[in-house]
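Visitor: Here are the chains, one letter per residue:
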Amino acid sequence: MGSGRKPFESSMSQQSVEFTASLLKADGANVEHSTEDWLKSCQLDARTHFEKCPLPTTSEEEWRFTDLTGLYKSTLTPSALDTPIDPSVVKSFLIPEASSSVVLVNGVYSPSLSTVSSAQTKIRVCNLKSALNDAQLKVSVKRRLNSLEGDGVSGFCEMNTALFKDVVVIHADSNGNSFETIHILNISTGKHTFNHPRLLLIAEEQARVCVLEDYIGIGGFGYMTNAVSELSLAAESQVIHVKLQRDDDSAYHIAHTHVGIDKGASYQNWSVSVGAVVSRHNLVTRQREDGGHIAIKGLALGHDKRIVDMHSCIEHTKPHGQSIQVHKTIAGDRSKIVFNGKVKVHKGAQQTNSSQQNRNLLLSARASVDTKPELEIFADDVKCAHGATVGQVSEDELFYLKSRGLDDDLARNLLNYAFAKEVIEDLPIKSLGAVIESYIRDQTKI
Amino acid sequence: MIIKNAATILSVHNLVASIDGTQILKGFDITVKAGEIHAIMGPNGSGKSTFSKVLAGHPSYTVDGGTLEFKGQSLMDLEPDERAKLGVFLGFQYPVEVPGVTNGSFLRLAYNTVQGARGKDELDPLEFDDFIQSKLSLLGMDASFLERSLNDGFSGGEKKRNEILQMAILEPTLAILDETDSGLDIDALRVVANGVNTLHGDSDAVVLVTHYQRLLNYIEPDFIHVVDGGRVIKTGDKSLAHELESRGYEWVLDENRSRAA
Numbered sequence: 001m002g003s004g005r006k007p008f009e010s011s012m013s014q015q016s017v018e019f020t021a022s023l024l025k026a027d028g029a030n031v032e033h034s035t036e037d038w039l040k041s042c043q044l045d046a047r048t049h050f051e052k053c054p055l056p057t058t059s060e061e062e063w064r065f066t067d068l069t070g071l072y073k074s075t076l077t078p079s080a081l082d083t084p085i086d087p088s089v090v091k092s093f094l095i096p097e098a099s100s101s102v103v104l105v106n107g108v109y110s111p112s113l114s115t116v117s118s119a120q121t122k123i124r125v126c127n128l129k130s131a132l133n134d135a136q137l138k139v140s141v142k143r144r145l146n147s148l149e150g151d152g153v154s155g156f157c158e159m160n161t162a163l164f165k166d167v168v169v170i171h172a173d174s175n176g177n178s179f180e181t182i183h184i185l186n187i188s189t190g191k192h193t194f195n196h197p198r199l200l201l202i203a204e205e206q207a208r209v210c211v212l213e214d215y216i217g218i219g220g221f222g223y224m225t226n227a228v229s230e231l232s233l234a235a236e237s238q239v240i241h242v243k244l245q246r247d248d249d250s251a252y253h254i255a256h257t258h259v260g261i262d263k264g265a266s267y268q269n270w271s272v273s274v275g276a277v278v279s280r281h282n283l284v285t286r287q288r289e290d291g292g293h294i295a296i297k298g299l300a301l302g303h304d305k306r307i308v309d310m311h312s313c314i315e316h317t318k319p320h321g322q323s324i325q326v327h328k329t330i331a332g333d334r335s336k337i338v339f340n341g342k343v344k345v346h347k348g349a350q351q352t353n354s355s356q357q358n359r360n361l362l363l364s365a366r367a368s369v370d371t372k373p374e375l376e377i378f379a380d381d382v383k384c385a386h387g388a389t390v391g392q393v394s395e396d397e398l399f400y401l402k403s404r405g406l407d408d409d410l411a412r413n414l415l416n417y418a419f420a421k422e423v424i425e426d427l428p429i430k431s432l433g434a435v436i437e438s439y440i441r442d443q444t445k446i
Numbered sequence: 001m002i003i004k005n006a007a008t009i010l011s012v013h014n015l016v017a018s019i020d021g022t023q024i025l026k027g028f029d030i031t032v033k034a035g036e037i038h039a040i041m042g043p044n045g046s047g048k049s050t051f052s053k054v055l056a057g058h059p060s061y062t063v064d065g066g067t068l069e070f071k072g073q074s075l076m077d078l079e080p081d082e083r084a085k086l087g088v089f090l091g092f093q094y095p096v097e098v099p100g101v102t103n104g105s106f107l108r109l110a111y112n113t114v115q116g117a118r119g120k121d122e123l124d125p126l127e128f129d130d131f132i133q134s135k136l137s138l139l140g141m142d143a144s145f146l147e148r149s150l151n152d153g154f155s156g157g158e159k160k161r162n163e164i165l166q167m168a169i170l171e172p173t174l175a176i177l178d179e180t181d182s183g184l185d186i187d188a189l190r191v192v193a194n195g196v197n198t199l200h201g202d203s204d205a206v207v208l209v210t211h212y213q214r215l216l217n218y219i220e221p222d223f224i225h226v227v228d229g230g231r232v233i234k235t236g237d238k239s240l241a242h243e244l245e246s247r248g249y250e251w252v253l254d255e256n257r258s259r260a261a
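Residue numbers (my numbering), protein chains in the order written: chain A, 1 to 446; chain B, 1 to 261.
Next up, chain B with everything else stripped away, as it sits in the complex (with noise of 0.2 Å):
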């Protein structure tokens, strides 16, 4: 939801980033107020996800040049925990599998870390019992989630889940959700959607990087950004997905090039 006046919460200008010598963004723009949610879509290869991972911080990366500011704070010296304690979230494209590490046990101590850094105060492990099951029932998930391996052997749609139920946990004031909708089934997608749509409210923000508008008819966007080569080319309302979606992508960045020209 647009509201006038809004705190930024995101604002990037101009950012060049690399990965092994390889420039993928090139000059990436966007701002983000509160109460909003934005959409990136784009073609492989456009730098969509790279975004998503530089603004939370991935090793792999190097940032070349430009601002990411959060809250008016820059991200660029901060570790990815840091970020984390901050507000940032990121939804993984793909999540991480860690044999060993108990799902419950870890969300209570990244649960913890985070309320610990923001000056709140901490759950004991019953206490995080009460805490995590209505959130597990917003994601349609039980409670043998959290006897389970972190990630280990979970389906798609069970790992785009849990997902979730760590962004219900750690309240983001920012998550960006790294096609979040890529290998839910529709039952899956409604699930995760309902869940982004209840946990967002007018003090955060959330930025949906997905290549389909499929996951855009049940999580509506306020703003739409396509990118291509590393650049926000064209921003729109969500009348532009639909757009996108019967005429793919190819009129907006022959639009681009000509601009270019």
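Bound-form chain A, shown alone (with noise of 0.2 Å):
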């Protein structure tokens, strides 16, 4: 890791310091399972690290518009380990698609309310344990886990590292021509706790594997998530990844999502915040060999006085990468949505065919929308476009609606639904339309 950061210098940084030597000072040990010598000198590293340099404040222009003083004002304990919870009320998040479901309750794995299926011979799901007692995954795991670098990387991730208690491990063979789905469910349940969530998915050549990431507090309260996901895929591998933030309207959450694809692999990325107060993800997706093709869509909903930020880098670093990107918002209330998305072609990564288009749906005065569009091309045979529009509900579309007997609720609320549609409409995890569809109804209410 190393992202050049400075250490602390100006008294901005001391709340974010504090906060950082509390939560240390809070959570003591690292992994306990970590009998690992690298694995213990790597979280030791990520600790030593993490304790120079402080978490970002909104002085650091990466982090600007992202106003964690609230996170950082607050006193947070380590999440109970052993929480008790009601297993129907976690079957209600779970999906009729998957084969498998992980379910973890503030970080850790849950064996009982888990389902993983054991007919997989392809695809492994388990957890960091079990994965370091299998010799020949324990190889892949350890030449994957923790090779974050460049864009995007933060002191959470080195925050992750240093205090993960778990790790979920994916690992995908080549498995002909179905998608299997595999629903993550991260459960915090704790007041004023945190907890960081760790993945790591290894698709080999030629797998196909399908991904929900998904985030939610049961009872909990004002608690942070910090997660951490790493997704290495191999040559023709196609792997589908749907991130659904729908954490507590008091939570923080804080990820970031490292990906990286080789020769002809297929990235398909569904980001959807429609919870927290706080949210942040940063999405590095680097295209590692020749071809390969990155497909990103993102949807975040801003309502009372909450902050989602979508920091995106695609990065093509070899010829013939195709990236496409739409990324749209709807901001209500007092919200404030951020999107920065930045795409890097370096040098020889010719005939880079890329395209980002941001639009953001402001539905009230005092919501805001912040966005950057970011493009770095260091070749010159390439073709890159993009665009980014702020607007509101279309007067003539609402009163066409109105004049066939809508009312103006209805209206609106239809509107704002046709507006998101384009980012789910497509989604292959089909049940997941409908649960958006509904949080859009609730959330977009003026």
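Because the hints were derived from the structure by calculation, they are not lab data.
Mixed in with the good hints there might be a few duds.
[Said to hold, decoys possible] Straight line, CA to CA, 25 Å or less: simulated SDA-like cross-link-like pairs of lysine to any residue:
id: 1; chain 1: A; residue 1: K430; chain 2: B; residue 2: G100
id: 2; chain 1: A; residue 1: K430; chain 2: B; residue 2: S144
id: 3; chain 1: B; residue 1: K234; chain 2: B; residue 2: D77
id: 4; chain 1: B; residue 1: K85; chain 2: A; residue 2: D407
id: 5; chain 1: A; residue 1: K445; chain 2: B; residue 2: L109
id: 6; chain 1: A; residue 1: K445; chain 2: B; residue 2: Q115
id: 7; chain 1: B; residue 1: K85; chain 2: A; residue 2: R412
id: 8; chain 1: A; residue 1: K445; chain 2: B; residue 2: S60
id: 9; chain 1: A; residue 1: K430; chain 2: B; residue 2: E147
id: 10; chain 1: A; residue 1: K445; chain 2: B; residue 2: D77
id: 11; chain 1: B; residue 1: K85; chain 2: B; residue 2: K120
id: 12; chain 1: A; residue 1: K430; chain 2: B; residue 2: K85
id: 13; chain 1: B; residue 1: K85; chain 2: A; residue 2: K336
id: 14; chain 1: A; residue 1: K445; chain 2: B; residue 2: A117
id: 15; chain 1: A; residue 1: K430; chain 2: B; residue 2: L146
id: 16; chain 1: B; residue 1: K85; chain 2: A; residue 2: E395
id: 17; chain 1: A; residue 1: K336; chain 2: A; residue 2: A388
id: 18; chain 1: B; residue 1: K85; chain 2: A; residue 2: A388
id: 19; chain 1: A; residue 1: K430; chain 2: B; residue 2: P125
id: 20; chain 1: A; residue 1: K430; chain 2: B; residue 2: T102
id: 21; chain 1: A; residue 1: K445; chain 2: B; residue 2: V96
id: 22; chain 1: A; residue 1: K445; chain 2: B; residue 2: K71
id: 23; chain 1: A; residue 1: K73; chain 2: A; residue 2: R246
id: 24; chain 1: A; residue 1: K430; chain 2: B; residue 2: D124
id: 25; chain 1: A; residue 1: K430; chain 2: B; residue 2: T8
id: 26; chain 1: A; residue 1: K445; chain 2: B; residue 2: G116
id: 27; chain 1: B; residue 1: K71; chain 2: A; residue 2: R246
id: 28; chain 1: A; residue 1: K445; chain 2: B; residue 2: E79
id: 29; chain 1: B; residue 1: K135; chain 2: B; residue 2: G156
id: 30; chain 1: A; residue 1: K445; chain 2: B; residue 2: K234
id: 31; chain 1: B; residue 1: K238; chain 2: B; residue 2: T8
id: 32; chain 1: B; residue 1: K120; chain 2: A; residue 2: D407
id: 33; chain 1: A; residue 1: K430; chain 2: B; residue 2: G104
id: 34; chain 1: B; residue 1: K85; chain 2: A; residue 2: L410
id: 35; chain 1: B; residue 1: K120; chain 2: A; residue 2: D408
This structure is a prediction, so every number in the text was calculated from the model and none was measured.
Each of the two chains sits in its own frame; use the hints to bring them together as a complex.
Guide: This is how it looks when you write it as structure tokens:
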């Protein structure tokens, strides 16, 4: 790791430093089962880095819209490791499409709530301990875990590495043409607690897999979720990755997703943010070899005083890469929505074809949207398109619907849903469509 | 058809309306009774389309004076959806494209909303499918129309058919069709006109807002009103349309000017 961050200089960082110290103090030891030396040292290194460098504040360019003062001022404690939870409540969040459901309570794998299909021979889903007990899998995990680097890495990644209690490991081998769906349900139950969910997905050559990374709060309040997901796609593999952030409205959700794709691989991402009081998602997708296809669709809903920040970075380092990104947001009440979409085309990444579109719908005069497309192109034979718009519900559309008998609320709701629909209509997990639709209806009421 | 002693559906008296401080309607009068078809004609910028929008309650227009009554009830303080529920329907000159809203589900939503307000039964999706089939065939539309986004990427003719389809399911007492003939080829015009003729009966009324006489060959009006400067300046029977077609509007305007002088 090494993002070139300087140790703290200003007093503005004081709060973040104190917060960092309190977390380390509160958490105490590292992973209990790190009998592995490499893992131990990896966590210790992260801890050392993290002690030296404060968490980001708004004085940093990359974080200037993500005001975490509320988080830094709060006193958090580690999540309890054995929180009782009603299985029927958990069940209501599960999806019928999943062949395996991995349930984590406060960042820790719950075998009793999870259903991991034993029929799967090509796709292995397990926690860190089981992964390390498998000699072959251990090699892959050791190679891929904590391989974060470059853009989008922040102190929160190191915090996760230093403090994670477990890792969900998904290892997919080539399995013909079928996509299996794996649901990872992260449940937070604590009041003013923190947890550090970690996901490692390794798709081998020609493997296909669909993963739903899902965050919810059941009884939790004012907690912090600090998630890190690492996905590595080998040549010709295809991964569908849906991240649904529906944490409690009082929660802080920080997530880093780092994806590396090899020759001819395809990565499709849906990132939907409908929860938390402040959420930040850094999504870095790196095309590591010739060819490869990246498709990212995002939807963020802002209501009340919520801040939703999406920083994405698509890196084309080799020729013939394709990427397409559509990010839509709806900002109501006093919410604040941020989109920073970076596309980097490295020298020599010729014939890259990239397009990015960001559309924002403002529902209230007090809501705000900050959008920043950022193109860094160092190759001369590329096609890169981008566009960003901020607008309001069209009066003409509204009048048209009302003239057919729909009242104002219904007409507005329908238009908001229609705006968001482009992002969710081709979701491969069909049952999620209705789930997300209900969030849109609830959160965009005038 | 003019019916003796028919109930008055629309009564507009001395209506004055403006947009962004500019007065467009300057004392508009019209009375429409059940069973009748009226045509409002006039040169560009005369206020024809404004009248239809004001009638439907477009928020951009301010009513500064006069009365606007539908079956004896003032429409002035009613929202567009409340007017629709009462039975006022505006067929748009430029139907709005709404990507992401499925035509079929929109039609059902509109139908059920209006039915509910009128104290009638709502239909579930299957019942609605049956109900809409006959309406679709009346307008020569196939069921694939229902799967598409509302007006999104529709041709001019498809949009206008879709307007009449909405009229067919909402069963208005008063339909104002704003330039429904514009952008239609002759075959589409026949289909749309046939749709309107089929839907029109003794207990409802139709107001056609049109620039050309062409539509009136297919939908025969009982009254023709010539509008200029935001007012009705001449009212006649259908022969007036032919006269306008052959002589243009200028003579009516001249006649009006000399009368005023």
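Visitor: Run the distance test for A:K445 versus B:V96: straight-line Cα separation, threshold 25 Å.
Guide: Holds: A:K445 and B:V96 sit about 23 Å apart, inside 25 Å.
Visitor: For the pair supplied as a hint, A:K430 and B:G100, is the alpha-carbon distance within the 25 Å limit?
Guide: holds (17 Å)
Visitor: For the pair supplied as a hint, B:K120 and A:D408, confirm whether the alpha-carbon distance does not exceed 25 Å.
Guide: holds (22 Å)
Visitor: Taking only the CA atoms, is the gap from A:K445 to B:G116 under or equal to 25 Å?
Guide: Status holds; Cα separation ~22 Å.
Visitor: Measure nothing beyond the straight line between the CA atoms of B:K85 and A:D407; if it is 25 Å or shorter, mark the hint as holding.
Guide: holds (10 Å)
Visitor: Does B:G104 sit within 25 Å of A:K430, going by the straight-line distance between their CA atoms?
Guide: holds (20 Å)
Visitor: Going straight from one Cα to the other, do A:K430 and B:E147 come out at no more than 25 Å?
Guide: holds (18 Å)
Visitor: Run the distance test for B:K85 versus A:E395: straight-line Cα separation, threshold 25 Å.
Guide: holds (20 Å)
Visitor: Would you check the hint for B:K135 and B:G156, treating anything up to 25 Å between C-alpha atoms as holding?
Guide: holds (19 Å)
Visitor: Decide if the proposed pair is consistent with the structure: B:K85 and A:A388, CA atoms, cutoff 25 Å inclusive.
Guide: violated (38 Å)
Visitor: Starting from B:K234, check that the Cα of B:D77 is at most 25 Å away, please.
Guide: Violated. B:K234 to B:D77 sits at ~29 Å, over the 25 Å cutoff.
Visitor: Is B:K85 close enough to B:K120, meaning Cα to Cα at most 25 Å?
Guide: holds (12 Å)
Hint violations for this structure: numbers 3, 12, 13, 18, 22, 25, 27, 30, all remaining hints satisfied.
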